[in-house]
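Chains as they are written, first to last, in this note's numbering: chain A, 1 to 337; chain B, 1 to 337.
Hints may be right or wrong, so weigh each one.
Ranges between beta-carbon positions, derived for each pair [unchecked claim]:
1. A/K118 / B/R269: 33 to 43 angstroms
2. B/G168 / A/K118: 53 to 63 angstroms
3. B/R269 / A/E31: 46 to 56 angstroms
Looking from chain B toward chain A, a few residues come up when the C-beta cut is under 8 angstroms (computed) [claimed, not checked]:
4. E39
5. E164
6. I179
7. F226
8. P265
Under the rule of at most 27 angstroms between Cα atoms (straight-line distance), these lysine-lysine pairs were calculated in the BS3-like manner [stated by the list, open to error]:
9. B/K272 / A/K185
10. B/K268 / A/K215
11. B/K217 / A/K271
12. B/K75 / A/K247
13. A/K247 / B/K217
14. B/K75 / A/K185
15. B/K77 / A/K268
16. B/K247 / A/K217
17. B/K77 / A/K185
18. B/K198 / A/K268
19. A/K72 / B/K191
20. A/K132 / B/K233
21. A/K271 / B/K77
22. A/K257 / B/K233
23. A/K132 / B/K271
24. B/K268 / A/K272
25. A/K271 / B/K247
26. A/K191 / B/K72
27. A/K308 / A/K132
28. A/K132 / B/K215
29. B/K268 / A/K268
30. A/K271 / B/K215
31. A/K271 / B/K257
32. A/K215 / B/K233
In short, the hints are calculated from the structure, not lab data. Bear in mind the structure is a predicted one, so any value in this text is a computation, not a measurement. Built from N, CA and C at the ideal position, the CB exists for glycine as well.
Number of protein chains: 2
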Amino acid sequence: MRVVVDGMGGDNSPQAIVEGCVLAQKEYGVEIIITGPKEKIEAELAKHEYNKNAITIVDAREVISTNEAPVKALKTKKDSSLVKALDLVKNGEADAVVSAGSTGAFLAGCTLIVKRIKGISRPALAPVMPGKNGPFMIIDAGANADCKPQYLTQFAQMGKVYFENVLGVNNPTVGLVNIGEEEEKGNDLTKAAYQLLKEEDINFIGNIEPRDIPKGKVNVLVCDGFVGNTVLKMYEGVAETILSEIKTEIMGSFVTKIGGVLLTPVFKRFKKHYDYKEYGGAAFLGVNGICIKAHGSSDARALKNAIKVSKVYYDTGVLEKMKSAFAEEKDTLKIDE
Amino acid sequence: MRVVVDGMGGDNSPQAIVEGCVLAQKEYGVEIIITGPKEKIEAELAKHEYNKNAITIVDAREVISTNEAPVKALKTKKDSSLVKALDLVKNGEADAVVSAGSTGAFLAGCTLIVKRIKGISRPALAPVMPGKNGPFMIIDAGANADCKPQYLTQFAQMGKVYFENVLGVNNPTVGLVNIGEEEEKGNDLTKAAYQLLKEEDINFIGNIEPRDIPKGKVNVLVCDGFVGNTVLKMYEGVAETILSEIKTEIMGSFVTKIGGVLLTPVFKRFKKHYDYKEYGGAAFLGVNGICIKAHGSSDARALKNAIKVSKVYYDTGVLEKMKSAFAEEKDTLKIDE
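Generate coordinates for the entire structure from the input sequences, incorporating the hints supplied.
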């Protein structure tokens with residue numbers, strides 16, 4: 001398997017990105033192509049021992065930053081590390097792409113360059129998160145800020161195929177993120193989506209309130225991209241704030257410091273459990289290629305884990321399954337272009 | 001000051017409600033009227049020592065449950081504890097109402113019976129939450145699942161008046177909850193609302209990403225009721241799950257149990273800080289009366305604190321300030337009915 005990694009995407013690029021590639025190559029035995037200014041990437045690679053046959057560079061002279069308008073940047077910066085990486089996937093020279101750069105540019109680039117799977121209205125970002133009782137997926141976590149009800153049924157179908165194959169859960173439960181448990185609760189979108197989801201060939205368990213999301217009792221959580229991104233960022237933000245506040249409190253007295261030392265293994269396990277870096281990147285489902293968005297602040301370990309996500313995606317053959325699922329169903333789905 | 005409390009609202013009614021009323025009467029010296037079946041409320045009151053001149057009962061034979069359609073329930077159950085309570089505020093026989101019952105029925109009842117302040121399009125639920133650097137308000141936290149951009153500017157204005165007077169923060173900062181920091185990010189609603197908020201006479205600091213909400217750096221967070229309710233419930237859910245998981249981990253070994261004992265004061269302070277019960281109820285702003293929604297699972301302490309919120313609301317004269325703020329501004333506001 002060949003993975004192309006956007007060498008200049010992310011807050012810690014290119015150092016952490018290159019280091020993550022070296023780690024992933026060793027651990028998973030994949031071939032890796034890094035895009036970016038050849039001399040910069042080479043200088044980073046020179047800091048590590050690595051397999052020169054398995055990690056190569058494709059020169060790219062431009063960088064797309066997070067504050068650029070995505071579509072414009074994609075069109076004017078053809079020689080950017082991102083566009084070059086996407087081109088390799090489009091042309092079949094790489095089996096997957098991983099980027100920690102601008103989310104907007106990455107998602108727009110995947111849709112415009114790698115293109116959608118036939119039958120899919122809107123591709124969706126689908127991170128898998130740690131829950132108390134097991135991992136859960138949020139789909140869409142930010143690709144489509146405004147959604148029509150039909151998009152949500154496709155998100156549910158894509159989430160089902162991915163969760164079933166990648167996480168090995170047969171007939172995963174699907175819930176609609178909503179502000180009430182009852183069928184008639186919510187906004188215009190969720191009320192309409194509920195009626196459509198009921199009719200789909202999925203294990204639909206109804207509405208799930210945000211309060212219950214961290215429990216991880218439902219496998220696939222369907223929502224529009226605005227709500228999904230809010231859920232994702234609240235999850236990260238609240239966990240981070242609580243853990244940092246506990247740390248501050250522990251440092252407050254001698255006795256609590258000792259208590260903190262005794263609890264070090266607890267906090268370590270805990271931090272690891274809630275650390276997005278352990279979970280790697282989020283798959284962008286619905287495009288005709290394996291496209292993984294790593295967290296913007298990815299360190300080497302997070303980037304390595306994002307490459308792992310691309311490998312599992314590849315090894316389980318989910319992309320082909322996704323294509324055939326929508327090829328068969330396209331006549332019954334209400335496609336809205 | 002006279003507060004009427006819906007004696008039959010909430011998961012723990014009437015026991016916890018009545019106990020909370022007794023506690024609040026003692027601590028704040030307010031007069032309290034409890035609505036509900038006279039004999040039931042009397043039986044609960046008999047369990048406590050209380051000032052019989054300061055706590056009275058208004059008999060109400062019906063109860064509105066959380067799974068009833070709000071408007072229909074309000075219209076058919078005129079003799080319910082909720083409708084009777086709202087009638088007392090409407091008729092000026094009580095200065096404030098507190099209910100831990102059905103949120104939908106309470107909000108609809110406040111709007112239909114107590115009525116809106118002149119100039120307000122949509123009243124909004126505005127809980128004040130604990131943040132790392134201080135409390136913050138979410139407005140709207142669930143009253144309006146679908147919003148127009150103009151509603152959000154009114155939420156901002158109402159939030160400003162309340163925060164300024166009740167929390168004593170001069171010219172509080174106002175942020176728009178959004179999934180990106182930049183002006184052009186978000187969905188159709190937030191993009192349009194951003195442009196309107198820029199023009200308002202408020203201390204608008206732009207978009208705030210959900211990840212930064214728990215830090216409490218922005219005083220008033222404006223959003224539609226669906227997003228606000230999601231933020232509120234994620235906050236509660238993630239905090240609850242993390243604290244319960246840490247507890248489980250601590251019980252895992254002898255050493256960590258000792259660590260846990262040494263950290264007891266830390267966890268206690270911490271739990272108190274994140275406990276919604278400490279923060280009492282959420283004010284429903286924009287209606288022509290002091291209407292406080294207590295958490296559905298309120299215990300006696302939470303109910304007592306909700307009564308405290310109503311007292312501060314009353315003592316600071318915010319309702320009159322709110323009315324005059326909108327009376328003056330009504331010509332410039334784009335009212336949408």
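> Hint by hint, which ones does this structure get wrong, listed from lowest number up?
Replying inline: Of the numbered hints given earlier, those the structure breaks are 1, 4, 5, 9, 12, 15, 18, 21 and 22, listed in rising order.
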